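Line order of the protein sequences matches chains V and Y. If you read the first sequence in this note's numbering, its first letter stands for residue 10, the second for the next number, and so on. If you read the second sequence in this note's numbering, its first letter stands for residue 10, the second for the next number, and so on.
No lab work stands behind these hints, which were simulated from the structure alone. None of these values were measured; they are calculated from a predicted model. For glycine and all other residues, C-beta sits at the position ideal for the given N, C-alpha and C. Where hints are given, some of them may not hold.
[What the hints assert, rightly or not] Derived, one-sided and incomplete: chain Y residues facing chain V with beta-carbon distance under 10 Å: (1) S18; (2) Q49; (3) V55; (4) P98; (5) I119.
[To be verified] The list that follows gives simulated cross-link-like pairs (lysine to aspartate or glutamate, EDC-like), each with its CA atoms no further than 16 Å apart: (6) V:K37 - Y:D180; (7) Y:K64 - Y:E186; (8) V:K57 - V:E28; (9) Y:K57 - Y:D24; (10) V:K187 - Y:E12; (11) V:K57 - Y:E12; (12) Y:K64 - V:E186; (13) V:K37 - Y:E14; (14) V:K64 - V:E145; (15) V:K187 - Y:E58; (16) Y:K37 - V:E14; (17) Y:K37 - V:E145; (18) V:K37 - Y:E12; (19) V:K64 - Y:E186; (20) V:K187 - Y:E186.
[Claimed, not checked] Derived coverage of chain V by chain Y (criterion: at least 3 residues anywhere in the stretch with Cβ under 8 Å from a Cβ of chain Y; other residues may be distant): (21) 43-55; (22) 103-111; (23) 144-154; (24) 171-182.
2 protein chains.
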Amino acid sequence: MTEIEARRSVRTYLDLPVEAEKLSRLLKAARLAPSGSNTQPWAFLVVKERETREKIAAAVHNQHWMAQAPVHIVCVGDVRSRIPEDAGPLRLDENSPQEELKQVIRDTAIAAEHIVLEAQAVGLSTCWTAWFRQDELRPLLGIPEDKYVLCVLTVGYSDSHPDARPRKPLDSMLHLEKW
Amino acid sequence: MTEIEARRSVRTYLDLPVEAEKLSRLLKAARLAPSGSNTQPWAFLVVKERETREKIAAAVHNQHWMAQAPVHIVCVGDVRSRIPEDAGPLRLDENSPQEELKQVIRDTAIAAEHIVLEAQAVGLSTCWTAWFRQDELRPLLGIPEDKYVLCVLTVGYSDSHPDARPRKPLDSMLHLEKW
Chain V
10 MTEIEARRSV RTYLDLPVEA EKLSRLLKAA RLAPSGSNTQ PWAFLVVKER
60 ETREKIAAAV HNQHWMAQAP VHIVCVGDVR SRIPEDAGPL RLDENSPQEE
110 LKQVIRDTAI AAEHIVLEAQ AVGLSTCWTA WFRQDELRPL LGIPEDKYVL
160 CVLTVGYSDS HPDARPRKPL DSMLHLEKW
Chain Y
10 MTEIEARRSV RTYLDLPVEA EKLSRLLKAA RLAPSGSNTQ PWAFLVVKER
60 ETREKIAAAV HNQHWMAQAP VHIVCVGDVR SRIPEDAGPL RLDENSPQEE
110 LKQVIRDTAI AAEHIVLEAQ AVGLSTCWTA WFRQDELRPL LGIPEDKYVL
160 CVLTVGYSDS HPDARPRKPL DSMLHLEKW
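Just need the whole structure built from these sequences, with the hints factored in.
Laid out in structure tokens, this is it:
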């Protein structure tokens, strides 16, 4: 697929807005991701306001380039679809042990990558970012403590097309029939 | 993207082999997935032997349809790229709390979905399966206890094209500017 081959993590953006129609395509692609038992355990917070983007960039280890991107899509996993309704209060963080959280991280990652590949298909650039703490990012955006922020995707137009990052040889990651 | 729209979880397969060239394309697509700090923390175990596929199907809650698929790709996350080399023995399971495991699950999920979408692009059908226990599947395949099996993807040709599963309304998963 050309989108998989052409995708790069892009960290410089042009000062151009993202059309509403294109943004909608990205979110529709996320919605079509497969998920365990079709739970669709994800939510997407779309941030366009400059001030909020700057705060997010600061919370993601002061990666100020992020604020250049006109759109941030904060991808959030929600374990509530997998636990009893009366489970009570819950606070998730980077060291939570729950199996349900692992399942939700898996499914939300698939949905986020759908956004990234769909963006590539419509001429937009993106970058996955995840170098933050739940406790710093969630309060900034009003996200409850029982939700898990998987990543912030930066989205926008760019004239940058970095070289592909090096990859390990395929053989080194491959096992045939048995480990 | 047509691949995102056309993808289905397919559970019936034709008795036709998957060409080596196509299988190679799927794995190359996985290898191009983005990963945190470019750690590429994944491995892929390709199973074609019928007997092993039957054992896998039995371990995945006796989903015998899985054995119909001529190829299983077992997608495995490896936290070793993220922990000190002298970290010593490690046993991961569904309730392990490590942040590194969450990061590796995220990245391996992206790579696995690249396989799924590339398969769609070359006319192959797939299904994500993950309804198993680490302790049942790993010994079957000789996978060490410090690796985490994210999923088994079934891969093959099919004449089945199920209807799309229902999806929640886009609005219900969307937040603008703030949660």
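Do the hints match the structure? See the list:
no.	hint	in the structure
1	S18	holds, 6 Å
2	Q49	holds, 5 Å
3	V55	holds, 6 Å
4	P98	violated, 17 Å
5	I119	holds, 5 Å
6	V:K37 - Y:D180	holds, 10 Å
7	Y:K64 - Y:E186	violated, 48 Å
8	V:K57 - V:E28	holds, 12 Å
9	Y:K57 - Y:D24	holds, 13 Å
10	V:K187 - Y:E12	violated, 30 Å
11	V:K57 - Y:E12	violated, 28 Å
12	Y:K64 - V:E186	holds, 12 Å
13	V:K37 - Y:E14	holds, 9 Å
14	V:K64 - V:E145	holds, 10 Å
15	V:K187 - Y:E58	holds, 10 Å
16	Y:K37 - V:E14	holds, 9 Å
17	Y:K37 - V:E145	violated, 36 Å
18	V:K37 - Y:E12	holds, 13 Å
19	V:K64 - Y:E186	holds, 12 Å
20	V:K187 - Y:E186	violated, 48 Å
21	43-55	holds (count 9)
22	103-111	holds (count 8)
23	144-154	holds (count 4)
24	171-182	holds (count 7)
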